[in-house]
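Required output: the full structure, derived from the provided sequences and hints.
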Amino acid sequence: MLPSQQGYDRAITIFSPDGRLYQVEYAIETVRRGAIAVGIKSKDGVVMAVEEKPRKLQISESAHKIFQIDEHIGFAAAGYIPDARSQADNARFFSQSNRIIYDESVDVETVAKHLADQCQQYTQFGGARPFGVALIIGGVDSSGNSLYLTDPSGTYIAYDAVSIGAGSEQANDFLEKNFKHDLSLDDASALATACIYMASDQKEGTDHIKMSVIKTSTKQFEKVTPEQIANYAKLGKQKFPIPSS
Amino acid sequence: MLPSQQGYDRAITIFSPDGRLYQVEYAIETVRRGAIAVGIKSKDGVVMAVEEKPRKLQISESAHKIFQIDEHIGFAAAGYIPDARSQADNARFFSQSNRIIYDESVDVETVAKHLADQCQQYTQFGGARPFGVALIIGGVDSSGNSLYLTDPSGTYIAYDAVSIGAGSEQANDFLEKNFKHDLSLDDASALATACIYMASDQKEGTDHIKMSVIKTSTKQFEKVTPEQIANYAKLGKQKFPIPSS
Amino acid sequence: MLPSQQGYDRAITIFSPDGRLYQVEYAIETVRRGAIAVGIKSKDGVVMAVEEKPRKLQISESAHKIFQIDEHIGFAAAGYIPDARSQADNARFFSQSNRIIYDESVDVETVAKHLADQCQQYTQFGGARPFGVALIIGGVDSSGNSLYLTDPSGTYIAYDAVSIGAGSEQANDFLEKNFKHDLSLDDASALATACIYMASDQKEGTDHIKMSVIKTSTKQFEKVTPEQIANYAKLGKQKFPIPSS
Amino acid sequence: MLPSQQGYDRAITIFSPDGRLYQVEYAIETVRRGAIAVGIKSKDGVVMAVEEKPRKLQISESAHKIFQIDEHIGFAAAGYIPDARSQADNARFFSQSNRIIYDESVDVETVAKHLADQCQQYTQFGGARPFGVALIIGGVDSSGNSLYLTDPSGTYIAYDAVSIGAGSEQANDFLEKNFKHDLSLDDASALATACIYMASDQKEGTDHIKMSVIKTSTKQFEKVTPEQIANYAKLGKQKFPIPSS
Amino acid sequence: MLPSQQGYDRAITIFSPDGRLYQVEYAIETVRRGAIAVGIKSKDGVVMAVEEKPRKLQISESAHKIFQIDEHIGFAAAGYIPDARSQADNARFFSQSNRIIYDESVDVETVAKHLADQCQQYTQFGGARPFGVALIIGGVDSSGNSLYLTDPSGTYIAYDAVSIGAGSEQANDFLEKNFKHDLSLDDASALATACIYMASDQKEGTDHIKMSVIKTSTKQFEKVTPEQIANYAKLGKQKFPIPSS
Amino acid sequence: MLPSQQGYDRAITIFSPDGRLYQVEYAIETVRRGAIAVGIKSKDGVVMAVEEKPRKLQISESAHKIFQIDEHIGFAAAGYIPDARSQADNARFFSQSNRIIYDESVDVETVAKHLADQCQQYTQFGGARPFGVALIIGGVDSSGNSLYLTDPSGTYIAYDAVSIGAGSEQANDFLEKNFKHDLSLDDASALATACIYMASDQKEGTDHIKMSVIKTSTKQFEKVTPEQIANYAKLGKQKFPIPSS
Amino acid sequence: MLPSQQGYDRAITIFSPDGRLYQVEYAIETVRRGAIAVGIKSKDGVVMAVEEKPRKLQISESAHKIFQIDEHIGFAAAGYIPDARSQADNARFFSQSNRIIYDESVDVETVAKHLADQCQQYTQFGGARPFGVALIIGGVDSSGNSLYLTDPSGTYIAYDAVSIGAGSEQANDFLEKNFKHDLSLDDASALATACIYMASDQKEGTDHIKMSVIKTSTKQFEKVTPEQIANYAKLGKQKFPIPSS
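Protein chains in written order, with the UniProt record's numbering: chain B, 1 to 245; chain Z, 1 to 245; chain U, 1 to 245; chain R, 1 to 245; chain S, 1 to 245; chain H, 1 to 245; chain P, 1 to 245.
It is worth saying that the hints were derived from the structure and are not from the lab. Heads up, the beta-carbon is just placed ideally off N, CA and C, and yes, glycines get one too. Keep in mind that a hint or two might mislead.
Calculated lysine-lysine pairs in the DSSO-like style (CA-CA distance at most 30 Å, straight line) [said to hold, decoys possible]:
{"id": "1", "chain 1": "U", "residue 1": "Lys203", "chain 2": "R", "residue 2": "Lys177"}
{"id": "2", "chain 1": "U", "residue 1": "Lys223", "chain 2": "U", "residue 2": "Lys43"}
{"id": "3", "chain 1": "R", "residue 1": "Lys219", "chain 2": "U", "residue 2": "Lys56"}
{"id": "4", "chain 1": "R", "residue 1": "Lys56", "chain 2": "S", "residue 2": "Lys203"}
{"id": "5", "chain 1": "R", "residue 1": "Lys223", "chain 2": "R", "residue 2": "Lys177"}
{"id": "6", "chain 1": "B", "residue 1": "Lys56", "chain 2": "Z", "residue 2": "Lys203"}
{"id": "7", "chain 1": "B", "residue 1": "Lys180", "chain 2": "P", "residue 2": "Lys223"}
{"id": "8", "chain 1": "S", "residue 1": "Lys56", "chain 2": "H", "residue 2": "Lys113"}
{"id": "9", "chain 1": "S", "residue 1": "Lys203", "chain 2": "H", "residue 2": "Lys177"}
{"id": "10", "chain 1": "Z", "residue 1": "Lys177", "chain 2": "B", "residue 2": "Lys56"}
{"id": "11", "chain 1": "R", "residue 1": "Lys53", "chain 2": "S", "residue 2": "Lys43"}
{"id": "12", "chain 1": "H", "residue 1": "Lys177", "chain 2": "S", "residue 2": "Lys215"}
{"id": "13", "chain 1": "R", "residue 1": "Lys239", "chain 2": "U", "residue 2": "Lys56"}
{"id": "14", "chain 1": "B", "residue 1": "Lys177", "chain 2": "B", "residue 2": "Lys113"}
{"id": "15", "chain 1": "R", "residue 1": "Lys237", "chain 2": "R", "residue 2": "Lys180"}
{"id": "16", "chain 1": "Z", "residue 1": "Lys237", "chain 2": "Z", "residue 2": "Lys56"}
{"id": "17", "chain 1": "U", "residue 1": "Lys177", "chain 2": "Z", "residue 2": "Lys56"}
{"id": "18", "chain 1": "U", "residue 1": "Lys56", "chain 2": "R", "residue 2": "Lys203"}
{"id": "19", "chain 1": "B", "residue 1": "Lys223", "chain 2": "Z", "residue 2": "Lys180"}
{"id": "20", "chain 1": "R", "residue 1": "Lys56", "chain 2": "U", "residue 2": "Lys56"}
Here's a subset of chain P near chain H, in silico, CB distances under 8 Å, partners left out [unchecked claim]:
{"id": "21", "residue": "Phe125"}
{"id": "22", "residue": "Gly126"}
{"id": "23", "residue": "Ile157"}
{"id": "24", "residue": "Val162"}
{"id": "25", "residue": "Glu169"}
{"id": "26", "residue": "Asn172"}
Written as structure tokens, this is what we have:
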């Protein structure tokens, strides 16, 4: 710990002499140490995938780090997952309100901005800590396929492909090398599994991989079955071999 | 105590430089030091059991660590038990509200999510400490037999079988080895007693074991009598012998 | 003071690294240092007794540590007595409300749970310290004779006989040896005086003993007169001689 | 200052490791250092007396440490006197409310309990310090002559005679030796002056003594004139000579 | 600074181990260091005087340390003068309310008690510091001429003559020697100027003296003109010569 | 930093052992370090002037340190200027309310008292820091030309001429030497520029001088044009030569 | 860190002994370390430009540091960008309210003052940190082309041209040398790119430059396309060559 840090990082919403908000940086550290999450846009849909190592005897049918928000929107999370659930509930309510008030489904960016705004509030006002989670928000709306990243600072940014959590730096390099705008959804899904293999210490099997997609054609959030994930993993090992480091 | 811990673990809802929420971890430590609680799904019902050492002259007819929430739902607790009672009251109210609003009994997962959401709130907002208790929530609803674990962090996870509290690590290993999806409720109950013997320093007798079941056929939470518990304990010693360590 | 204690015991409602709530433990220490209180169930009633050393010229007609809550319920307290008075007022109000709402007298356990719930709240929320008092709540209701113990942690437990305060450890051992389910109320009262003699440095006389009973037959809380107390003390010395340590 | 005190005595409403509430003890210390106040019951009334050393050119007609609460009730205070005035206002309002609601004058004990309850609240809840004053509450009501003591802890106790403030320990010993239940009000008043001479460094004159009585016959709070006080002082020196220490 | 002071004097409304409220004592220190204020009752009115050294080019027509509260009441202040203005506004409102509610002018003591009560509140409740000002409240009401002193502790005391602020100790000795109940208002005014000369380092001239009187005959607060003050000063030097120290 | 300062100057609204309010003194220090502001009454109006060094490419048409409050009132500020803007908004609202409620324009002193009262509040109550700005409030009302000074302590004082901010001590000496009650507004304006030249390190040019006047004849706040300021500066150098130090 | 800083910079809204508000200065430090933003008025419109280095695979169509507020107003931000978004939302709401209430579009200065007022509030009241962002607000309204700067202190100032963020000191010098009132919008845009090249370590390409203009003729906020930016960059290199340092 640097001396300059002392005292500036113990209270919420206070600047350090070098203009930093340590609580926000520590919350981002929580994200950095979480298991990896990946999101990739393809020409025919959006895929989100996470690493979820099930505990012994855990029933792992449903993913705990991928949340459906509306028919056409979902998000994958890295960091402190109970916070992600809180943001998911908030987003669902926001999304339904939009449907009721305007009689149409909400845009993906509107949801991303709403969640990021909420994050910003928690960095400025006392009485609560910042959120300890980053979200990859994917969906299909009137403007097509969308992918956004929000983080504890309250930032939100549109991406073609992005990963967060432990090992995401290498995974983002890998994505940059392999992402193409004309990827098929199957290829994108395969690429997502490759990213997870990169970041995980589990290099075989798919019981630690959860995946959901929203297809451009249906605009419906759907879980990917373990069988399909296994296929994508196989495809990924062929098409997107991980370079030996 | 590590230097890096200093100061970050004294206030509620604040991140440490390595992205941890110490207050939540300490609350989980409270759970870890509590007496063991076990929950097991079987093909014909769910069993929950706890270790409760009665004090001298205590009237131990009713369990203090197993709570009935609704006709078809109950939970077993490990950690700071007064907090469990507070969560039980909350769950009962929530459960009855669901019955009144929707005219049907609440799902087990809905209760588990509700209690975990409440836990998350207490990790983010000031003015109160996190809950110091973990819960194994069991029940039978329209989707069959259910078993969930909630903890102070606000996490909830579905399990086939799980134990919490002091000695739960070995007990979970033991459960993993012995759990089968086609266990009868009697065998599951026997297995639960074995877990408690493993964790407890009391290796004989059953006055320190409390147990409740919800049978798939009746969907009714019911206490297991001391006589039945004694039978299960006997059965457990035959079918699930504890390995000498 | 152990280093691990530093800082974790100064704020309310915060966990220490070993998962303890020091403020609650210190409140229990207040109880431990208070003068002894005893409660014993008998086949024909419940008796509660306390040690109260009157100050010079104090008018000691009425007990300050035994409180009547309703016609059929009372409690004896050990610890910070002004807190007991606050809990007594609360219990009386609660008890009368029950009578008005349900048109019947409240159960003893309902009162005990209510008071313990209140204690739990004060261990979790900021703005107030925990209660510094433990209560032995006795009464007779539709389910017969009842005796409950509440403490600052928010725990409540049913007992056949129990003592709290300074010297209660030996007194509880003594109760365990001498309690029988078929004790008469007179014998139970005598046993209670013996417990107080054990714990007190005043080994003769009864001006430091206050006692109340609720008889099964009348379901009425009543004070025991000094003359009766003297008789019980005499009986106690015969029937329940204190072992020389 | 003992090490064990460090930190536990700076915040309101927090227990020390040995179960003490230091803020309450310090408030009692304020009382202990205040000028003496005395209250004595006699067969024909209650007398309250205080030491009040007037400052230069102060108009000392009215006592600042004896307060009339209702026609039949008053109190004498020792400690932080502005707090006594605050409690007096509260008691007057409480007393008048009782008169309006029940159409009869309030009992002395009811007032004493009300003031003590208020004291207890200030020891448990944050946002205010405890009261720094103890009160000797005297009055005549349907149950006869009454005398109560309240202190910052929230305790209230009935006494035949009691003194508080600097020098009250010796005065209480003296009261114990000289109090009799058949004291006349005149003798009681003389005894009260003797107590004040004991505690004060002013051994002659009566300009530092203020006194009020409530006679059993009239049930009216009335100030004692300086002339009468002088007579009582003279009588006191005859009947209750102070032992040379 | 004594060790025993450490920590007990930094928070509002908290007792030190020796039963003191340091914040109140420090507020009184503010008064002690303020310029002197004097109040004297005479047989035909009340006079209040203050030392006010005008700054360069200040327009010193109106006094800043003497406040009119009602037609028949005013006060002189020493200490933190903006607080005096706040108390003056409060007293004016209180005074007018009294006139409206009871259709008669308020008594001087009622105002003094009201202001002192307000001071007491600020010593007990958190969220604000105590008032840093003492007030000499003078007036003429149905009970004749009145003079009261309030200070930051919440004390109020009736005086025949009193001074506060820097040099008030000697001035009070001087007042005691020279005050007589049959002083004329002119003599009292002259005495007041003498007190100010004693305390001030300005021994000549009267531009640093402000004075107001309420005559018994008119019951009207009125400012004393600079010419009259000069006359009083001259008279004072003749009648009340300051002893060479 | 003196040891006696430690700790007493970190919290708002708390006295130091020597009776000082450090936060208020530090706020006044903010004023002392601000650029100079000057106000001077003349026989035919009031002038206010400030030093405002424009930054590069700043548009300096409008003054940032002189605020119009009402048609007939304005103020010049030194210290933390955003606080001055906040006080200006408050004064404007107050001024308009006065006009609506009483159907006449507000007096200058009423505004000055209102702003000073607000300053006092911020020195006594927690939750906000004191204002860091002093104001020279000038105007023309029914009682003629008025000039008031308010500062962070909550003090307000009437002046014939006054300056605040860096260099104001010498400027006030200079004002005292040169101020006459029969100054014309032109001469007063010239004198104001001389004060600014004294305090500023910019001894030539007038782009760093802003000025406003309220003429007695028009009772209208009006800005002085750069050309007029240049004339006044020239006149000032002739009539009020700055003594070489 | 200087000793004088210790403690004064950890709490919000508190002055240091030298009259500084450290939290505000640290917030300004956040601005100083942010990427550069530039705003320039020209004779036919206002241009705002920022440096935005896109992350890998980020979709950089829309700028994150330039915000449209109303049809005729926008702003460019440097510092903690999530705070800028919060201020943008506030400004949009304020702007729309103005339109609804007064039936006309809001003036640019009114928006600038509103945002600066909000900044000031956050420097004075507890419960939230100051904003960590400075804004260059540009627009065209009835008074022509306008450009304002707001910063965390609550200051707002009109400029002809200004830059903020890392490297803005040199950029402002450069602007001062090159700004002319008769610049065309194209030249102003070119000058803006030159400023960004000065401050950025990326000396070629325009993918790190975002730009928006409001033309005097249309009074419409519009984004500048990447192609146009590239043209401006080219023009800038010709017309406004950066001096080698």
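* Asked: Quick check: which numbered hints come out false for this structure?
  -> 12, 20 and 25
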